[in-house]
Amino acid sequence: MPVRYSRGESDSTKDCWMKWQIMDDDWDRETVLARKVLAALSARIWIKWSAGEHAALHRQRSLPHRPPVIPLVARMADQNTSGTPAMTEREASRLDKFRQLLAGPNTDLDELRKLSWSGIPRQVRPITWKLLSGYLPANAERRESVLKRKRHEYFGFIQQYYDSRNDEHHQDTYRQIHIDIPRTNPLIPLFQQASVQEIFERILFIWAIRHPASGYVQGINDLVTPFFVVYVFEYIEEEVENFDVSSLQEEALRNIEADSFWCMSKLLDGIQDNYTFAQPGIQKKVKALEELVSRIDETVHRHMQHYEVEYLQFAFRWMNNLLMRELPLRCTIRLWDTYQAEPEGFSHFHLYVCAAFLVRWRKEILEEKDFQGLMLLLQNLPTMHWGNEEVSVLLAEAYRLKFAFADAPNHYKR
Amino acid sequence: MSETYDFLFKFLVIGSAGTGKSCLLHQFIENKFKQDSNHTIGVEFGSRVVNVGGKTVKLQIWDTAGQERFRSVTRSYYRGAAGALLVYDITSRETYNALTNWLTDARTLASPNIVIILCGNKKDLDADREVTFLEASRFAQENELMFLETSALTGENVEEGFLKCARTILNKIDSGELDPERMGSGIQYGDASLRQLRQPRGSTAQNKQQCSC
Numbered sequence: 001m002p003v004r005y006s007r008g009e010s011d012s013t014k015d016c017w018m019k020w021q022i023m024d025d026d027w028d029r030e031t032v033l034a035r036k037v038l039a040a041l042s043a044r045i046w047i048k049w050s051a052g053e054h055a056a057l058h059r060q061r062s063l064p065h066r067p068p069v070i071p072l073v074a075r076m077a078d079q080n081t082s083g084t085p086a087m088t089e090r091e092a093s094r095l096d097k098f099r100q101l102l103a104g105p106n107t108d109l110d111e112l113r114k115l116s117w118s119g120i121p122r123q124v125r126p127i128t129w130k131l132l133s134g135y136l137p138a139n140a141e142r143r144e145s146v147l148k149r150k151r152h153e154y155f156g157f158i159q160q161y162y163d164s165r166n167d168e169h170h171q172d173t174y175r176q177i178h179i180d181i182p183r184t185n186p187l188i189p190l191f192q193q194a195s196v197q198e199i200f201e202r203i204l205f206i207w208a209i210r211h212p213a214s215g216y217v218q219g220i221n222d223l224v225t226p227f228f229v230v231y232v233f234e235y236i237e238e239e240v241e242n243f244d245v246s247s248l249q250e251e252a253l254r255n256i257e258a259d260s261f262w263c264m265s266k267l268l269d270g271i272q273d274n275y276t277f278a279q280p281g282i283q284k285k286v287k288a289l290e291e292l293v294s295r296i297d298e299t300v301h302r303h304m305q306h307y308e309v310e311y312l313q314f315a316f317r318w319m320n321n322l323l324m325r326e327l328p329l330r331c332t333i334r335l336w337d338t339y340q341a342e343p344e345g346f347s348h349f350h351l352y353v354c355a356a357f358l359v360r361w362r363k364e365i366l367e368e369k370d371f372q373g374l375m376l377l378l379q380n381l382p383t384m385h386w387g388n389e390e391v392s393v394l395l396a397e398a399y400r401l402k403f404a405f406a407d408a409p410n411h412y413k414r
Numbered sequence: 001m002s003e004t005y006d007f008l009f010k011f012l013v014i015g016s017a018g019t020g021k022s023c024l025l026h027q028f029i030e031n032k033f034k035q036d037s038n039h040t041i042g043v044e045f046g047s048r049v050v051n052v053g054g055k056t057v058k059l060q061i062w063d064t065a066g067q068e069r070f071r072s073v074t075r076s077y078y079r080g081a082a083g084a085l086l087v088y089d090i091t092s093r094e095t096y097n098a099l100t101n102w103l104t105d106a107r108t109l110a111s112p113n114i115v116i117i118l119c120g121n122k123k124d125l126d127a128d129r130e131v132t133f134l135e136a137s138r139f140a141q142e143n144e145l146m147f148l149e150t151s152a153l154t155g156e157n158v159e160e161g162f163l164k165c166a167r168t169i170l171n172k173i174d175s176g177e178l179d180p181e182r183m184g185s186g187i188q189y190g191d192a193s194l195r196q197l198r199q200p201r202g203s204t205a206q207n208k209q210q211c212s213c
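If you're matching them up, the sequences are chains A and B in order. Under the working numbering, the first residue of the first sequence is numbered 1, with each subsequent residue one higher. Under the working numbering, the first residue of the second sequence is numbered 1, with each subsequent residue one higher.
In short, the hints are calculated from the structure, not lab data. Where hints are given, some of them may not hold.
Under the rule of at most 20 Å between Cα atoms (straight-line distance), these lysine to any residue pairs were calculated in the SDA-like manner [what the hints assert, rightly or not]:
1) A:K287 / B:R75
2) A:K369 / B:T4
3) B:K34 / A:Q192
Partner residues aside, some chain B positions facing chain A, computed with beta carbon under 8 Å [as the list claims (entries may be wrong)]:
4) G42
5) E44
6) Q60
7) Q67
8) S72
9) V73
Over the 12 Å line for every Cβ pair with chain B, so calculated as not near, a few chain A residues [said to hold, decoys possible]:
10) R90
11) A103
12) R143
13) S145
14) Q160
15) H169
16) T299
Given the structure is predicted, the values throughout are model-derived calculations rather than measurements. Virtual Cβ for every residue (Gly too), placed ideally from N, Cα, C.
In isolation and in its complexed conformation, chain A is listed as follows (with noise of 0.2 Å):
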């Protein structure tokens, strides 16, 4: 008979919702973490994780279950919209040191980095994203002609290649990119609109035949997802879940396109051998997390061993897609916010925020006492109701890790 499970999760959005409010972001709460988690390094304090109340996964749970995304835009509000309650003084302050440092004519990326480091508040976040992604250029003056090169550049690819996704020799890559587009964040509304999945067809296409070294891999379609996300927010002021793109300008959604295409190649550049051929970039850093995760927490380590589980069984993915299939979309926004922040980001920090990672379920982990049981865990950690606090947490902890093993990486190798 067939085994049951439950999706773990009573809250009800309201009561997210109420929680969120609650627990409103500290913009400088992980600078404030990270002073502490480093203080307590030097004393070998281990920081102990709260293992959270929503972590009850249902035991009997037998098969993958992506949690489904719950209101991108409950939290994506939260993040101090115009519309919601008040900010606090705090995230008011934040803003403004992000306007003045937006407003010269020379903006300084350090202090832009140092400031974005702990989250970027959304009334900024387009600018700033383009700026630390290097898409858009420090000097204020030359934006407007960079971006519309960049743009009009963009919209040459596609007159060009574009009609060649028949081509014999592209076509394989077309249907593939053609059958995952439906599949990608099939929850959210937004997504499922055909001109929005017509311009990730395009976005998808004109990367794959422009990288041919690896060409298009799924996973890379989820990639496109928060800066589109992220950029239309540029345009609007309400949600973004339910929004219909129809009722933005042409120019305004051409614009969102190429923007997105841009930056997501950036991205991209940095980690292209995850998806070349044998996929050496993602086997090489589930290595380094194995042995990682072996010097830092040996108990979870060796419990897994005792179990079997291999690393590459769940962590695949969190190279693969970097953790976006593990968490909702908001908590991959705000974790871009510091990928772009730090040096090597998306390449190389991501290997300690996956350790990180792992070690917050050591708990439950732990608490499983068969490979069927971990294998479901891991592969179904219950993150639904996360939020910045968690991200945060998460990403000092990272910080604290790679402070420890980053520049001595011989400490992670046995």
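Got chain A sorted already, so can you dock chain B onto it with the hints?
Only chain B this time, still in chain A's reference frame:
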């Protein structure tokens, strides 16, 4: 939670992208169609305990990603699989044409004795059919595969697919054709049969004698 079972079989679900592998697995375990299916990255794991021919069998199922680029990863799961569902989409000739490659992979990388059932999925989309039952059935015969047309949407033949495969493996164990003890057989004894094994018949009789005195 530890259920008792007589055997544990390791299963694979393989086939081209978009043929409905994950939906078949979901239908098998949850008894419903997964509307919001996202494509599989690497492999995903599922499990269900079934009753076949009076034996309790735990199926440990690895659902693999269909895209070519993931083969280097998914191939590592082939080793030690006792059974496989080889899936194509009856509305896509391309996925049918790829079957030979998948089959070669399965037979060379998994055990040569792997029991494979061919599943022509999306049976509910008969209007868009590109592969006839007869054609696929011939292919199955030539390649010594069992064959069913399935629908992950309606659930038709999904259970049968998994059970048929499990039953064939059990029969082969009974007939001695498959040796569960062989390395990489993809078969393990469960607690229930282990107990029987640990207690050979002679000793059971002895116990009884002891009890009666």
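Open item on the list: For a quick check of understanding: which of the numbered hints are violated here, in increasing order?
Closed with: none
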